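Listed below are the residues making up each chain.
6 protein chains.
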Amino acid sequence: MIALDDLEEFRRYRERMNDRILNSGNLEIKRFFALDSRTYEKGALDTKTKELLGLVASTVLRCNDCIAYHVIRCAQEGVSQAEFFEAMNVALIVGGSITIPHMRRAVEVFDDCKQRQAKNQSIKL
Amino acid sequence: MIALDDLEEFRRYRERMNDRILNSGNLEIKRFFALDSRTYEKGALDTKTKELLGLVASTVLRCNDCIAYHVIRCAQEGVSQAEFFEAMNVALIVGGSITIPHMRRAVEVFDDCKQRQAKNQSIKL
Amino acid sequence: MIALDDLEEFRRYRERMNDRILNSGNLEIKRFFALDSRTYEKGALDTKTKELLGLVASTVLRCNDCIAYHVIRCAQEGVSQAEFFEAMNVALIVGGSITIPHMRRAVEVFDDCKQRQAKNQSIKL
Amino acid sequence: MIALDDLEEFRRYRERMNDRILNSGNLEIKRFFALDSRTYEKGALDTKTKELLGLVASTVLRCNDCIAYHVIRCAQEGVSQAEFFEAMNVALIVGGSITIPHMRRAVEVFDDCKQRQAKNQSIKL
Amino acid sequence: MIALDDLEEFRRYRERMNDRILNSGNLEIKRFFALDSRTYEKGALDTKTKELLGLVASTVLRCNDCIAYHVIRCAQEGVSQAEFFEAMNVALIVGGSITIPHMRRAVEVFDDCKQRQAKNQSIKL
Amino acid sequence: MIALDDLEEFRRYRERMNDRILNSGNLEIKRFFALDSRTYEKGALDTKTKELLGLVASTVLRCNDCIAYHVIRCAQEGVSQAEFFEAMNVALIVGGSITIPHMRRAVEVFDDCKQRQAKNQSIKL
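For the record, the sequence lines run as chains V, U, P, A, W and Z.
Following this note's numbering, the numbering of the first sequence begins with 1 at its first residue and continues without gaps.
Following this note's numbering, the numbering of the second sequence begins with 1 at its first residue and continues without gaps.
Following this note's numbering, the numbering of the third sequence begins with 1 at its first residue and continues without gaps.
Following this note's numbering, the numbering of the fourth sequence begins with 1 at its first residue and continues without gaps.
Following this note's numbering, the numbering of the fifth sequence begins with 1 at its first residue and continues without gaps.
Following this note's numbering, the numbering of the sixth sequence begins with 1 at its first residue and continues without gaps.
Since the hints were made in silico from the structure, they are not lab data.
Keep in mind that a hint or two might mislead.
Each pair may be met inside one copy or between any two copies, as identical chains are not told apart.
The list that follows gives simulated cross-link-like pairs (lysine-lysine, BS3-like), each with its CA atoms no further than 25 Å apart [stated by the list, open to error]:
no., residue 1, residue 2
1, Lys119, Lys30
2, Lys42, Lys119
3, Lys114, Lys30
4, Lys30, Lys124
Please read all numbers here as calculations on a predicted model, not as lab measurements.
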């Protein structure tokens, strides 16, 4: 299991650097970040489906930080273990064995989230 | 609109070459193709959701033939225009403007499928 | 040389599909397209430098339509042949021989633009 | 089967654009092309093995022109059908279903080469 | 040199997470893992050649864990230093300078394996 | 802020492994490294522009070590904060949100370089 501290550290680093970037004075980057958040809000597709789409996209593009983010969001949206592994399977088939090391990380984060949920601990992002 | 012939030609080429590959005597490739089909069958996630996952994965990895395939499957599974564009938006945000030429193709195929469905024409794959 | 018709066809297809996408009712995609245009406007870096950045990014990510677009924009911004090939060389070194087929296309479009400019023909986008 | 004209056209386009690039006055690009050729010459590994490495690299990176080039070279080096499909299988497993449209093209070019070899026709590059 | 502990840790993490994934109840993922192993077994191509193919594919796709795995397998199959660097050179030419940081890791793991082999230490996977 | 030690460690590791690779006896790899250095030397484009091209290419291809290298070189060439973020914005628009974790690292290294420059500390590479 990933130590609680690790996900906390990830969250803090992400938050600190995002603040730095959003306060850099570059307006287009700021707007991109706003669009990024809006993309996963409920529309014709619900947020859970959109987060699964984000997770699979992040997995085939093989970015561990993006994967960790979407795994946490999926867990928050109530994605079950069976649903999670079926999404991972789509990523694996489309993206190949090169995605396996990223699947390992995704599973690690997912299990960590589920254990916290079992203890009624919140998973902040 | 893509001419009917184009999607027909795509379908025939795809079918002919898949037959050639499956009859090459390489058992592992044959098994991969079987696994590939199985991946999108209904499980904890329904087929529509899985096809949307396949579509977004294909779009961020930027493969026009894979996109065409999953767009047709999405149309067959009843994905609405609003749902389709929200999935495209996830791909666009995650994968960037480099995906736009592929989004153009995806929209072209989607519109073509919708016009056929409006005329009660089947879309074979 | 690429026939005039080819770049014209590319331009018309691009325009028609962009209109279709922008009128799809998906606001986030519309905003992304606006941000995309804004990104290449003069700021601390001039437009010519930004278009060279866009060209190199498109070349290492290997998208022919994006390459054609940025080559045309570079030609419009007065990029010289020597500058163009030095940018191509950065893309080639960073991205490897896999970018060579895309470099061939880029050179073809660049030469086509230069020939039109020599005849005082405009290159619309 | 790919028409003879298609591979001929590919060869001529490749040759013409390479000449254009090599005569552009950019010395670094010229040196890169020389290094590229040298890479596949016999060393501790024989040329056949190196061409198989080039083919698998091109397939997982999904570049049809590079794939066509290395398939032709593999055929010239006497790669058998069974060897060819095993190399394709490595690419498929590592790179996933997204490589399948490229495998179809690779098989088409390979079959074309084998038919020419059966008729004692040369395959120029 | 990578500490013995590092490769040991990598091996244990890999083994533990693979067990977790294979016991998740997702049959398709389990079958993919079986296919993955089978792909590198001796056929028309010997295992050494297949592992070199896997190594080059992993290097151009730039996945350090996959690279480490195939480097160890190559060392176990008796790949010499000259052969190893020629395979790295194919990956470098095809994939460009972006692969260099991964080549550094690959060389580090290869040297580590060779030192263990010189001391008759086994390299488990 | 990245500890001074981290960039130092990165520099030392890079230097040590490059020496190892350049002394491996593989002449083609050695030539590639020489070409790589030459690519960023002043020509029709100045070194600052070329380093920005290298930075954007590295960011859309998402390689943290390459990004760190080019960020340091950009800082050495006097790239301003506004210029740096505009280059990052091109990478973000072209490459999408998947580049954001890499932008965070790039900003971290850039800020670190700027703080050293403010203290008249050198940034060795």
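Next on the checklist: At most 25 Å between CA atoms: does that hold for Lys119 and Lys30 within a copy, between copies, both, or neither?
Outcome noted: neither (36 Å within a copy, 30 Å between copies)
Checklist entry - How would you classify Lys114 and Lys30 at a CA-CA limit of 25 Å: within, between, both, or neither? => result between (32 Å within a copy, 22 Å between copies)
Next on the checklist: Treating 25 Å as the Cα threshold, decide for Lys30 and Lys124: within, between, both or neither.
Outcome noted: Within. Shortest intra-copy distance 22 Å satisfies the 25 Å Cα cut-off; inter-copy 31 Å does not.
Item to check | Intra/inter-copy verdict for Lys42 and Lys119 if alpha-carbon distance must be at most 25 Å | outcome: neither (28 Å within a copy, 31 Å between copies)
Hint compliance for this structure: hints 1 and 2 are not met, and every other hint is.
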